[in-house]
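Chain B: place on chain A using the hints.
Those protein sequences? They're chains A and B, same order as listed. With the first letter of the first sequence counted as 1, position 214 gets the number 214 in our numbering; the numbers rise by one all the way through. With the first letter of the second sequence counted as 1, position 59 gets the number 59 in our numbering; the numbers rise by one all the way through.
It is possible that part of the hints are untrue.
[Stated by the list, open to error] Derived CB-CB ranges, DEER-like:
#  : chain 1 : residue 1 : chain 2 : residue 2 : range
1  : B       : 158       : A       : 112       : 24 to 34 Å
2  : B       : 242       : A       : 220       : 50 to 60 Å
3  : B       : 135       : A       : 167       : 24 to 34 Å
4  : A       : 132       : B       : 159       : 25 to 35 Å
5  : B       : 159       : A       : 139       : 24 to 34 Å
6  : A       : 140       : B       : 229       : 33 to 43 Å
7  : B       : 135       : A       : 220       : 45 to 55 Å
8  : B       : 156       : A       : 136       : 21 to 31 Å
9  : A       : 66        : B       : 156       : 27 to 37 Å
10 : B       : 242       : A       : 105       : 53 to 63 Å
[Said to hold, decoys possible] Covered stretches of chain A, as calculated for chain B (at least 3 residues, CB under 8 Å):
#  : segment
11 : 83 to 95
12 : 103 to 113
Hint data in this document are derived by calculation from the structure and do not stem from the laboratory. Yeah, the Cβ is synthetic: ideal placement off N, Cα and C, and Gly gets one too.
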Amino acid sequence: MANISVQNLVKKFDRANDKPLEVIGGLTFAVEDGEFVSILGPSGCGKSTLLSILAGLEPLSGGEIRVDGRPFQRDANAAKLGFVFQQPRLLNWRSVRRNVMLPLERGTFSKEEQQRLAGRYLDLVRLNGFEDYFPLQLSGGMQQRVAIARALVVEPDVLLMDEPFSSLDEINARKMRAELIRIWQETKKTVIFVTHDISEAVYLSNRLLVVTERPTRVFDTVEIDVRYPRDYDDDRLFELTKKVSRIFLRMEERHGH
Amino acid sequence: MHTTLKIYSLAVLLALWFGLSFVFSEHVLPGPLPVFAAIWDNLQSGDGFFHLYKTVSRVVFGLVLAMFLGTGFGLVMGLSRKGEKFFESWVMIGLTIPAVVYAIICLLWFGLNDFAAVIAIGVTAFPAVAINMWQGVKDIDMQLIAMGKAFQLPKTDLIRKIVLPQTVPYILAATRYALGISWKIATTVELIGMSSGVGYMLHYWFGLFSMTQVLAWTLSFILVLLFIEYVLINPFEKRATAWRPAVQV
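So that you can see chain A by itself, here it is in the shape it has in the complex:
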């Protein structure tokens, strides 16, 4: 469990014959322990870059990230992060079980413990019975469940999700969202969920941050004060979706489109 605070985060990419490209322009937000926060923004904004920075794949150009009050570092003692990407990114030549075991193999777990943990999280994502299947034998939604189990098996303090359901059809995406809420409530993880889908963000989150196009900043914050488990047809969610849509329109006007 962990809380995260991002202070005035800046990310610039150097370009060959041009001034640096500012992708994130002073992003400030905080996520409470156990909170489900969505970062909602138009396609092509710095959302994925933000997750790459949190993953330690990209250095930040300015500002600060603190996890539980300590400067963020990705080393052995730091808070553990679990990742779910837009595509499942499974190793197709490994069985489902061995895919979930992958992040554990560098650690101190014995083979039996790895298998036990993998089994536990495959149960949680309701894939028991599919442990010995290969990823390409599963549907897209099931592959994404494997990816979620793989993210959870490291018992992360924070779960980072980058548009994980955007490649699924709407029916399957809805099922997966309901499953995600169930898993989140069972595991009490802090979740940062990146998406460009307004109704998805409204359905899932405690709170959502509407962020601007490049350079990305927080434009507005919306609290979703509706009890879980939620119903897609809930009028309050519908009203909030409309409200967020209006925020989006206002943002587009302000940013000259």
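Using the frame of chain A, we list chain B on its own:
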């Protein structure tokens, strides 16, 4: 279905050979029967096995050397841009030098022995392996690497568990290709400077103008290569790619 077609195609080839052998004299194209009889005789005498064994062992050691060098260079070239720029010209030069030049150089340097043969085979075949591996590593899914990094896998794990498994199809293609090259260069080396092996026997029977024996030795080795392909490489390929669902056309 596929097996039947393969057997059928071989039968057609054999029939064609049989038919043509009536058109030409036995000094130009002896028929399948005398050739297979010659193979049988060679094997009966024990000599046949000895020369086949010599060539096969040279090919195998040469192939191992080529795979080792080629995989190493291919990995470096595929994984690092600097490595690619640095070794690209080496591999291209290596590829353009005719095989017979390697054979001559190795025989002059190391003498008329098996060591020279193995080195010549390995050095000739390695650029092709390197190119295959280089392309294979470049085709690797970078998103999987990013996934591995996000889960903080150490570099050795990234290579062993994410990079290498993706190159298995390329390793297999490289092995097949290198096997073909190795056998050709092996016969060349044996023809120039060895006193054993299939190449040596080809040279010997060439001196005696025996077309039947030349074909018999060539065919013997083709059978050995087919054995390697269908009994060793094919089953391995089936097992290594079992995770891929069968393509239904």
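Structure-based check of each hint:
Evaluation of the 24 to 34 Å hint for residue 158 of chain B and residue 112 of chain A yields a pass: the beta carbon distance comes to about 25 Å. Between residue 242 of chain B and residue 220 of chain A the beta carbons are some 51 Å apart, a value that agrees with the proposed interval 50 to 60 Å. Roughly 28 Å separates the CB atoms of residue 135 of chain B and residue 167 of chain A, a value that falls within the hinted 24 to 34 Å. A hinted range of 25 to 35 Å holds for the C-beta pair residue 132 of chain A and residue 159 of chain B, which are about 26 Å apart.
Here the CB-CB span from residue 159 of chain B to residue 139 of chain A is close to 31 Å, well matched to the stated 24 to 34 Å. The hinted range of 33 to 43 Å is satisfied by residue 140 of chain A and residue 229 of chain B, whose Cβ atoms lie roughly 37 Å apart. At about 49 Å, the CB distance of residue 135 of chain B to residue 220 of chain A agrees with the hint of 45 to 55 Å. A hinted range of 21 to 31 Å holds for the C-beta pair residue 156 of chain B and residue 136 of chain A, which are about 26 Å apart.
For residue 66 of chain A and residue 156 of chain B, the Cβ-Cβ distance of about 32 Å falls inside the hinted range of 27 to 37 Å, so the restraint holds. The hint said 53 to 63 Å for the Cβ distance between residue 242 of chain B and residue 105 of chain A, and at roughly 21 Å that hint is violated. Three residues within the 8 Å Cβ limit are the bar, and the segment 83 to 95 of chain A against chain B gives 8, so the coverage statement holds. Closer than 8 Å: that is the beta-carbon criterion, and the segment 103 to 113 of chain A has 3 residues meeting it against chain B, so the requirement of 3 holds.
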